[in-house]
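On the provided structure of chain A, position chain B as indicated by the hints.
If you want the building blocks of each chain, they are given just below.
2 protein chains.
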Amino acid sequence: MSNGNEDLDHLIALMAKLPGLGPRSARRAVLHLIKKRSLVLLPLADAMHKVGSTVRECLNCGNVCTADICDICLSEKRRTGQICVVEDVADLWAMERSAVFHGRYHVLGGTLSALDAVGPDELRIPKLLDRITAEDITEVILALGATIDGQTTAHYIADQLPDVTVTSLAQGVPVGGELDYLDDGTITAALNARKAL
Amino acid sequence: MSNGNEDLDHLIALMAKLPGLGPRSARRAVLHLIKKRSLVLLPLADAMHKVGSTVRECLNCGNVCTADICDICLSEKRRTGQICVVEDVADLWAMERSAVFHGRYHVLGGTLSALDAVGPDELRIPKLLDRITAEDITEVILALGATIDGQTTAHYIADQLPDVTVTSLAQGVPVGGELDYLDDGTITAALNARKAL
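First to last, the protein sequences are chains A and B. Numbered per the UniProt record's numbering, the first sequence spans residues 1 to 197. Numbered per the UniProt record's numbering, the second sequence spans residues 1 to 197.
Hints were generated in silico from the structure; no laboratory data involved. Worth double-checking, as some hints may not be accurate.
[Unchecked claim] Only part of the chain A face toward chain B is listed, based on derived beta-carbon distances under 7 Å:
| id | residue |
| --- | --- |
| 1 | Leu14 |
| 2 | Lys17 |
| 3 | Pro19 |
| 4 | Leu31 |
| 5 | Ile34 |
| 6 | Arg37 |
| 7 | Pro43 |
| 8 | Leu44 |
| 9 | Ala45 |
| 10 | Lys50 |
| 11 | Val51 |
| 12 | Val64 |
| 13 | Thr66 |
| 14 | Asp71 |
[What the hints assert, rightly or not] In silico lysine to any residue, SDA-like type, Cα no more than 25 Å apart, as pairs:
| id | chain 1 | residue 1 | chain 2 | residue 2 |
| --- | --- | --- | --- | --- |
| 15 | B | Lys35 | A | Pro126 |
| 16 | B | Lys127 | B | Leu161 |
| 17 | A | Lys50 | B | Gly52 |
| 18 | A | Lys195 | A | Pro162 |
| 19 | A | Lys35 | B | Glu122 |
| 20 | A | Lys195 | A | Leu161 |
| 21 | A | Lys35 | B | Leu112 |
| 22 | B | Lys50 | A | Arg37 |
| 23 | B | Lys36 | A | Arg24 |
| 24 | B | Lys17 | A | Arg37 |
| 25 | B | Lys36 | A | Pro43 |
[Said to hold, decoys possible] With beta-carbon atoms standing in for the labels, derived distance ranges:
| id | chain 1 | residue 1 | chain 2 | residue 2 | range |
| --- | --- | --- | --- | --- | --- |
| 26 | B | Gly20 | A | Gly177 | 22 to 30 Å |
| 27 | B | Gln171 | A | Ala13 | 29 to 37 Å |
| 28 | A | Asp130 | B | Ala67 | 51 to 59 Å |
Glycine included, each C-beta is placed from N, C-alpha and C at the ideal position.
Extracted from the complex, chain A is given alone in its bound form (with noise of 0.2 Å):
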């Protein structure tokens, strides 16, 4: 792959290594930065720097941020006394999108996983035990991925759990879905769960 110029290569090179990017469209989102050099290239690259230069961890719930606490755990406006557990960032972001939940959240960064030796120290399992005395948790949801990991970890985390109420998000028919299409698994859970209308 080569267009006579090692900074171009350089850069379609780096853009090859996003998910969902690979050679061919690095080249078109490339050729499309050029394009538009003052409009996107420009505040794109400021943006990374900046985010790049700044971005870290919450020390508290472990949200990515650009200060050591980050504005959810920061903010006045969130109720207290819940906290989300979730698996990752990305469930965070989701759970944030649906703006149905007000209280605080708390990233485990991963589920354990035997397979993959992680232990509980691995995850901020020790940190959310903390935060349950230190914050007056009353109730800890956990909404953790339907999978073998996620709900090993949510038995696990609510073993350890002193006493405050332990709820889990509801398994059924997502929103939208088609029974046809659906798996054996959610069909049961759905049934188990049924609700009177």
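Relative to the frame of chain A, chain B by itself:
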């Protein structure tokens, strides 16, 4: 789309403007970048800044480069006497990847188009005529797209050219192509241009 952090939101919004990325894949890409801050994010920001502050069009051929004249025009290894005319820089890169053409290029910057009001002076056609005299060109290869606009442009250029050999890319069955999936026009062109084995 709020992650509770302005800098991150800004970066995601800019990434989502890239071709091939939407809001969801931009978020994924940004999380990936944050995780690989020193390996990808900061080098990418630097590479973008470098390209953004130096990239321009080659004054001779219209290729993108980081100097006034591009490496291909400057290279002494390129065969003189041949110019390959392409629509845009992406086409030049595609030709270079096939590594089969060893002459120099001329990037038109588009095609003639009555609908979009693109006339000869909007393209780099006058400069092409200048170069044919100045660089002692004996063959002009018109490597334009097999579209209506591309072929109109090719005919227009062929009419303007002084006494040089004018060729265009062959049309036919693409390598790896199956007849079953080809359109009528391609099969007609391939049959008309059939070769003795």
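Do the hints match the structure? See the list:
| no. | hint | verdict |
| --- | --- | --- |
| 1 | Leu14 | 5 Å, holds |
| 2 | Lys17 | 6 Å, holds |
| 3 | Pro19 | 5 Å, holds |
| 4 | Leu31 | 6 Å, holds |
| 5 | Ile34 | 5 Å, holds |
| 6 | Arg37 | 6 Å, holds |
| 7 | Pro43 | 6 Å, holds |
| 8 | Leu44 | 5 Å, holds |
| 9 | Ala45 | 4 Å, holds |
| 10 | Lys50 | 6 Å, holds |
| 11 | Val51 | 5 Å, holds |
| 12 | Val64 | 6 Å, holds |
| 13 | Thr66 | 5 Å, holds |
| 14 | Asp71 | 4 Å, holds |
| 15 | Lys35(B) <-> Pro126(A) | 22 Å, holds |
| 16 | Lys127(B) <-> Leu161(B) | 12 Å, holds |
| 17 | Lys50(A) <-> Gly52(B) | 16 Å, holds |
| 18 | Lys195(A) <-> Pro162(A) | 30 Å, violated |
| 19 | Lys35(A) <-> Glu122(B) | 16 Å, holds |
| 20 | Lys195(A) <-> Leu161(A) | 29 Å, violated |
| 21 | Lys35(A) <-> Leu112(B) | 20 Å, holds |
| 22 | Lys50(B) <-> Arg37(A) | 11 Å, holds |
| 23 | Lys36(B) <-> Arg24(A) | 22 Å, holds |
| 24 | Lys17(B) <-> Arg37(A) | 13 Å, holds |
| 25 | Lys36(B) <-> Pro43(A) | 20 Å, holds |
| 26 | Gly20(B) <-> Gly177(A): 22 to 30 Å | 28 Å, holds |
| 27 | Gln171(B) <-> Ala13(A): 29 to 37 Å | 33 Å, holds |
| 28 | Asp130(A) <-> Ala67(B): 51 to 59 Å | 58 Å, holds |
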